[in-house]
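Residue numbers (the working numbering), protein chains in the order written: chain A, 1 to 265; chain B, 1 to 265.
Mixed in with the good hints, there may be bad ones.
One copy or two, either will do: identical chains are not told apart, so a pair holds if it fits within one copy or between any two.
Said to hold, decoys possible - Calculated cross-link-like contacts (lysine to aspartate or glutamate; reagent style EDC-like; alpha-carbon spacing at most 20 Å):
id	residue 1	residue 2
1	Lys136	Glu248
2	Lys171	Glu158
3	Lys35	Asp111
4	Lys14	Asp252
5	Lys78	Asp111
6	Lys249	Asp81
7	Lys78	Asp179
8	Lys53	Glu170
9	Lys162	Asp137
10	Lys264	Asp177
11	Lys264	Asp13
12	Lys42	Asp13
Worth flagging that the hints you see were computed from the coordinates, not collected in a lab.
Single-letter residue listing:
2 protein chains.
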Amino acid sequence: MNSFNKLSQLQADKSSLLCVGLDSDINKLPAHFPKEINSLLKFNMEIISSTEKYASAFKINFAFYEQYGSEGFDILKKTIDFIGKRNFIIADSKRGDIGNTSAAYAASCFDYFGADAITVAPYMGYDSVEPFLKYKDKLTFVLALTSNPGSSDFQRLEFAGKPLYKHVIEKCLGWGDTDNLGFVTGATHPGDIKGIRDIAPNHFLLIPGVGTQGANISELLEANGNHPCTINVSRDIIYAGSGTDFAEKAADKAKYYKDAFGFKM
Amino acid sequence: MNSFNKLSQLQADKSSLLCVGLDSDINKLPAHFPKEINSLLKFNMEIISSTEKYASAFKINFAFYEQYGSEGFDILKKTIDFIGKRNFIIADSKRGDIGNTSAAYAASCFDYFGADAITVAPYMGYDSVEPFLKYKDKLTFVLALTSNPGSSDFQRLEFAGKPLYKHVIEKCLGWGDTDNLGFVTGATHPGDIKGIRDIAPNHFLLIPGVGTQGANISELLEANGNHPCTINVSRDIIYAGSGTDFAEKAADKAKYYKDAFGFKM
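Next up, chain A with everything else stripped away, as it sits in the complex (with noise of 0.2 Å):
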C-alpha cells in the first residue's frame, strides 16, 4: 500500500486527522527524567503508547536529534521502529539540495530509516525535489506556505499577481501526484488554504501550527472543507504534563485534538 492509501486508512481506521509531533527536547522533559539523551527515547516510547489511538500519523523533528550527533541520529532510529509499521512516519528534516544529494537525503529518510513522508523545501528547484519523488510509495510534502512569522518574507512576495507559495505548488504540480506530493501549508494562515484548496483539492496538506504555535482550529477546518490533510500537534501535546503521570495528560489532550479537528469520510 502507497503512503497516501496508508495515511486515509489510518485515519479512517482512527477518525483522527491528528499527527502528533516529536519535538522532544531533553531540557523540557518531566523532571522524574535524567538529563541524558535515553530519556528521548523513553519519553518518546511513553508518549507514542498513550497517545497512538488518537493519532493517525507521528511526526519526527530531526533537528532535536541531530543535535546529539550519533547518538542521536541512533534514537531517532529507535524512536522510528517503535512507532512501527503499524503507524504512519513523517521524517520532519526539511531537506533540499542538487540531484545527487537530494537522492542520498531521500535515501536516508526512506531506505535508512523506512519513514512514510519526509519535508522538503523547494528553493534549489525541480532536481532538488525529484529524488524524494522518485519513491513513488512515499509523501513527500514540499514546504508552501510554512505557519512561521517568516513565512512572510518570501513565501508571500507575488511575481506575476500570484504569491511565490503558489507558484511552488503550481510547478510541483506538475512533477508528483497525489500519491507522492503533499504540501506543508501552515494552520496559522486559514484565509490562504482555502485559495490553495482550489489548485490542489485532492493533495494532502501536512500542516503544522495548531497549538503553542497559536491557529485557530475552527477557520482552519472551515478552510481545508474536507480534503485531505493531517494536522499536527507537537509541544501542546507532548508536554502537556509535567509530573509523571505526563502519557496520560499527553493522551487527553491528543484525544481533545482528535475530537476537535473531526473526522468526516
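Chain B: place on chain A using the hints.
Just chain B now, kept in the frame of chain A:
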C-alpha cells in the same frame, strides 16, 4: 578569531581560494576499498591529508553520511575531527526550519560537530535563519542562486523587477553582517555574480559548481573580482583517481584548481 577572519587568514596563508568538497560515496571509492562504511573515513582521511596544503577550506556534504544513519553520523564527526581546528570546515547541510527547530540544527552544526560555517535554506524566512546568525563567530551561508539546473524554477522569479535571489540577499543583509553572513552562489551563473557583488561586495560567497557541474573558471573569476569567496570543487578532486594512488591524483587536481583560481590579497 571568528570564522570570517579564520577563512581569510587560511586563504592568505595558503594563497588558495579552493574548498575541497567531501561528497564521499561508498559506491564511487577506488576499487581497493571494501564497500563498507568505514571505508568512507579512511578515504576522507587520505584525501584531507593529501589536499590540505592546497585547500583553505573543506566542505562536508551531510547527505552522504546521513544515508547510513547513526554510523554515518559517527563517520561525519570523525571526519570533521580529523580535518581539525587548523582547517576551515563548512557543514553543507542546507538546514532551515521554524525558530526553535533551527536553533537545534545550529546546535548540531556548531556545538556538536564544531563546524566553522553552515549552508542554510532561506525559504522559511527570518526566524528560520536567525538562530544560525546568532552564532556571531560562525559563518552562515544562505542559499541565494544555486548552481543546479532547478535554480531557475523559483530563484529567478521576478518580483518588483528583481529576481527572488536578490530579494533573499537584500533581506538577509539586514539580518547579519560580513562576520556571520555569506551567500551560496553557483559558479554556473557568472553573469549574476557581478550583480550580486554590487549589493554584497564584502560578504563571503561560497561558490560551488566548478568541476563536474561544468562552470567556466575564468568567467567566474572575472565576475567575482577580488571580493571574498571560497570556491568549492568536490567530485572532480576526490574522484580524480580510481587506483591506490587516488590521494596523489586528488592532490594534483587540488593544486590545479588552486593555481587556476589564483589568489590576490
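**Study point:** Which numbered hints fail
**Key:** When the structure is compared with the hints, numbers 1, 6, 7, 8, 9, 10, 12 turn out to be violated.
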